[in-house]
Amino acid sequence: MEKILLKNLGKPDYHRIDTCIAGGGYKALEKALKMLPDDLIQMVKDSGLRGRGGAGFPTGLKWSFIPKDPTLPKYLACNADEGEPGTFKDRGIIDNDPHLLLEGMVITCYAIGAKTAYIYIRGEFQFGARRLREAIAEAYDRGYLGKNIMGTDFCLDMFVHEGAGAYICGEETALLESLEGYRGQPRKKPPFPALAGLYGKPTVINNVETLSCIPAIIEKGPEWFKSIGPEKSPGPKIFGVSGHVKKPGLYELPMGTTLREIIFDHAGGMSGDRPLKAVIPGGVSAPMLIPDDLDTPMDFDSVAAKGSMLGSGAVVVMDESTCIVKAAYITNRFFSHESCGKCTPCREGTIWLTNILKRIEYGKGRPGDVELIESLCTNIFGRTFCPLGDGAVMALRGALKHFREEFLYHITNKKCMV
Amino acid sequence: MVTITINGQEITVDDGTLILEAARGAGFDIPTFCYQADLMGIGSCRMCLVEIEGQKKLQPSCITPVIHDMKIHTDTPSIVSARAGVLEFFLSNHALDCPVCDKGGECELQDAVHKHGPRHGRFGEVKHRFHDKDYILSPVIVKNSNRCVQCQKCVRVCSEVVGAGVLGSLGRGYEQEETSFLKNTLDCDHCGNCIEVCPVGCFMRLPYRYKSRPWDLKGADTICPYCATGCRMVIEERDGTVMRARGQLGVGINSETLCARGRFGYDFINSHERITKPLIRKYGKLEPVTWEEAFEYVKDNLSRIDGEKIGGIASARLTNEELYLFQKLFRTVLSSPNLDSSTRWDAAAVENFISAADMTGGGTSVFDCMEADTVLVTGTQLSEENPIIDYIVRRISATRPINVVVASPRGMKLDKSAHLSIRHTPGNERAFLDAVTLSVLSAVKEAPGSVAGISRLRGVDLEALLSSAGVSAEEVDALAKKLLVSESVSIIAGTGFLRYPEGSAGLGLLREVLKALGKEVRVLPVLDRCNQRGAWEMGVLPGTGPGYGGVDKRGLGFYSMMEGAAKKEIEALYIIDSDVLGDYHDESSAMDALNALKFLVVQDEFMTATAEMAHCVLPGATFSEKDGTFSNQEGRVQRIRRLSVPPGKARSGLEIIAGIGKAFTPSFVDGARVSSLSVFDEIRQEIPMYSDVSLVFNNKKNTENKLDNREALIKDSGRKIVPPAVEPERPEEEGGRPFMLVTGNHLFSSGRLSTRSAILGELLKGPIVEISEADAAELGLNAGEKVRVKGERFEAVLPLMTNKGTKKGVAFIPENFCEAPVARFFTPGGGVPRVSISRA
Amino acid sequence: MLTEKVKEEIRERIKKYHNRRSAVMDALMIVQRDSGGYISRENMEDVAGMLGMQPVEVSAVAAFYTMYNYKRPAGKYHIQVCRNITCSLLGAEHLIEHMEKVLGVTTGHTTKDSMFTLSTVECLGSCGTAPMMQINDDYYENLTVEGIDEILKGLK
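Residue numbers (the numbering used here), protein chains in the order written: chain A, 1 to 418; chain B, 419 to 1258; chain C, 1259 to 1414.
It is worth saying that the hints were derived from the structure and are not from the lab. The structure displayed is predicted, hence computed values, not measured ones. Among these hints, one or two may not hold up.
[To be verified] No farther apart than 25 Å at their CA atoms in a straight line, the calculated lysine-lysine pairs in the DSS-like style are these:
1) A:K189 x B:K601
2) C:K1274 x A:K115
3) C:K1411 x A:K201
4) B:K1183 x B:K601
5) B:K1138 x B:K1118
6) B:K834 x C:K1273
[Claimed, not checked] Listed next, with one range per pair, are the computed distances between beta-carbon atoms:
7) A:R16 x C:K1274: 18 to 26 Å
8) B:G871 x A:P67: 23 to 31 Å
9) A:F127 x B:K629: 30 to 38 Å
10) A:D141 x C:K1274: 17 to 25 Å
Glycine included, each C-beta is placed from N, C-alpha and C at the ideal position.
The shape of chain A in the complex, shown without the other chains:
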């Protein structure tokens, strides 16, 4: 497959606008600005592009919710708060090809009528934030940002907003709270951001990878995009493979590439050729899959059919030396650490689970712990304010589903099976 998102990865100086333009950058913008905004939205709808942040919501549909009233200020917020453990795909684009993202954002703003755009980047990505600021400055210089972009009436300001260490800000309403200078706790919905988002105004929030797909869709057309991968979740997808593989890294592949192909063909197979034990297909919220699931096509619907989710496409590979109890503990510790504190089940439930898992991991498990964990999962799942608590439960349930025996062994024998 022809690469779209990572095509410039590794090309020297591609973050510079001159190199980028020479390589065909900002061509799509030129084309887009000659079109009507509504036609652009239709194109994105037709392309079948689904959000790459994890939820897979149709991007064009999201844009179409924005009110058309030209007197209303509107915003685009690019979600670059990449924080789901296992995920490092957006960083690949930001560090290497920032103008691809910027071009996608300018087109998006034109389509939805936004005059201000923010890139919410996680605070730890200092390098990436610097790259983006430099790229934005270059784009202003070249007239791709600012007043009367490329000689049209369209004006757009773009800024980088740095987070400061909070996974929850990847949740879109928490991201907005954070942008407004509050603690990043999710807001109640409705109202949805498309009607009342940043500063109470209509706002689109899209992931870096999603926005980076836009230039190609405009340039090559929705049909072309739709022809890549499965019909219901088409397009290219960046898979970030990490863990026990020979060649960890980012791989841009068509949606629907199987896990087996990703791990064995692209990531070079298991390190030390040790047998695969489990794989997390889409960041730690996604329930783990087992070797039997290796032929699952990696697209939104197929992974969901296996009881997990594509999420961010972060593939964490674990070989037989991995203690699943420890992996579950580490994962859960993450969620309790990142729980924002707003709602009761997530705030109190995740730390309780973490404490139990820690005990089991350190040989202090008690009979009944597994049942207690399962009961607590029931009391959290579906009852939290936002999906963070659900993510914690899904991950844990996934581990228990396939490796319950390992937990029981830990409890009974006070030690690890592996």
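Could you slot chains B and C onto chain A? The hints should help.
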């Protein structure tokens, strides 16, 4: 309207109703922690989850509005188990130290677990603890975060209602703790509303901690004795000591909220310095006597003096019944027309204000006022004088598009909620309002025809008005513009109009002009004594009788009585609950006047400087020791209830006044014992405004914040009063004293009750002087340091405080501190005093 | 007291937003960088003043996000080692133990000479090059025990 089904029952509710409200309205119980009707919904505690058919997940009913045809269930097995699950989570890290927790027995967490389970705990981990010991946040607030349920009500009430915004969250997840800025001691309103809204024992009253179990307290549902807002509260005592005061959710116009004075100023009742026996001066010394002796003594002395030469001053903190009997005693028994209910306001000023604020037209609900398009706050330091009205304005204006305009010399908390804050020079309400009226008139094509008093503005120079008010034409025009586009206007007008009586002419004219322009206009008088309005309506004024009725002969007001005493034209005074010596602008002339009297009766709870001079001292009762009614500033008549008996032989004012009356005329009151209810029946008959008010507390505890008990509002008297003209004040010369001095109540001090409260004394240790930050910077003075405030006749050394929003050249000293009797800076009719301020 | 330079920088950031308050995150980071990796109480009050916020609102923001350090001054080099899933799979705990030994402090603490503060963090988005750590603003990836020794040596 939408129709929905809850648990199979079809109900119809307004669009946008929350599921929780709809369900509760239909009688279905849904437990909550974070929901409170008057706070913004956050949907975080997850206790209120309900099932909506067609939706996979349970939904939070407190933030989910109904949609037509929604089918909702509130009691399915999954909801029941979800509730128990949430409660189990609450308890997991909760301290569970109920035996030593103040809240035990009235704790919402205890109650919820009792009702909704779980029946046994499964938490076997080490609990997360925020700290080992309670920590003190203020002289009145102490905190134990280990009991917190993270409902955020404390944070929300502090910012959304109180407007202080001094609480927030530290940390996140299970480490999230609602507290002050880095857990430092609070510099705030100390209102304790964070304590009141706390469902558990996390925020606690420091003065009450470990003092009692709630079931050992005996309470009385009564009215706050401080300002005239008329907040409902429960005061509770144990073994004869008043332990706490609290608001009640959904009861009274204030619901759960109170200010620092109301919530913590109760301890004056427990004072050991109360007078407990009637005293008669014998051989120059006050000696205890029986009540019978005292009554005879008063009768003997008063009956020897011509009625015209007797004067009566009764505090506006007495009940309607006491005040009514007091004026009845004077008018019918003693044949004296000399009555007043304030030692601070000139009677003519009062009558002008009553007329300008249209108080004869009956009650004005603050909630009706908040329906207006524009709300103008003028002549009042509202945030400090009537804090709960400040809360109501803030809370309601945040939920509806209302132009809030604050016009005052000093900055106040409400400025943050205002669309326009105007700083005018003190004492110039009239110039300011006249300028606004002129601006309004200049913007309308056709001036309204017959507006009484409008001719006054003919030929008036706008520039001169602006310059004396110290405001710009832009500010005045901006306000006028808001008034012009409004269909309804409310004016919240305070004691500034009583202090500077000319202002009432400006207020009355603006009201009339706006009315003539077809606008719905309401004036809400905001007053600073709990029964000031009642005192006026009972007829404790020299110029109007009960219900603003006419009088045969105009009597003397307070100032005239004092002057009359000095000239021996007044020979006897009967003073209740007023320390005229402390309040008078000139101590030595007050002393001379009182010394010149043939007979002075003082009825009080405490031995004041004035009481020390009396021939007869009658020990009275505090508000907590008597039954009766107060009329709040809105004209809402509300009952106060007796919690305990007065100390020693002290008696309620009603019994004392009736006793004196009966000594003269046995038929003065019906029956052997006077009761507040029988006197109120007489009031109903004599004062038509009061004939229909209901004394039943009928806004029973509700969670929907329906606080407007309209049946308690008095009705239109159908009368208009023609107030005497007031002399224009002659402004005091600048004389090298650049500051204009204003006075009034402080948030923690509003007169003799508050200065007797040890708890309030902790919050404001003594008098202070406040100037603007800018002036302090120019003078090189810092907040906290001692400065010398020098007026023409009086000076004081006081700690300096600064206020960011105050107009330059304005200084403020609170009233009522004996250490700095601010009245000494003033001369009646002498305008705004000038003072200089320098490092002491 | 905020320096004029810091104030100017904050004023510049305010311009990015349609609401002064939005600049609080930038402002805190600017203050922290300028003050040796630590945000003092006084500085929070000053930031609140500049942004029209209550001090408690500023502390709430500072205490919500893990990158702000307001509790106690940190070392010159703040070492944050990732211990989340991928890094853990590839030996992060071992590296942390090693660093504790080399630096002579347990995680969450600062060396006596105030040179290093050692902490652990949850996923820095660098899983493809795990295990990894961040020292001040910079990422160090594909770590080994030997590599760490080398890096620490370079920082002394």
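Do the hints match the structure? See the list:
1. A:K189 x B:K601: Cα-Cα ~32 Å, so violated.
2. C:K1274 x A:K115: With Cα atoms ~13 Å apart, C:K1274 and A:K115 stay inside 25 Å; holds.
3. C:K1411 x A:K201: Violated, at roughly 51 Å.
4. B:K1183 x B:K601: Given that 25 Å is the threshold and the Cα spacing comes to 23 Å, the pair holds.
5. B:K1138 x B:K1118: Since the Cα atoms of B:K1138 and B:K1118 sit roughly 35 Å apart, the hinted pair is violated (cutoff 25 Å).
6. B:K834 x C:K1273: 23 Å, holds
7. A:R16 x C:K1274: 18 to 26 Å: 24 Å, holds
8. B:G871 x A:P67: 23 to 31 Å: 51 Å, violated
9. A:F127 x B:K629: 30 to 38 Å: 59 Å, violated
10. A:D141 x C:K1274: 17 to 25 Å: 18 Å, holds
The structure is inconsistent with the numbered hints 1, 3, 5, 8, 9, although it conforms to all the rest.
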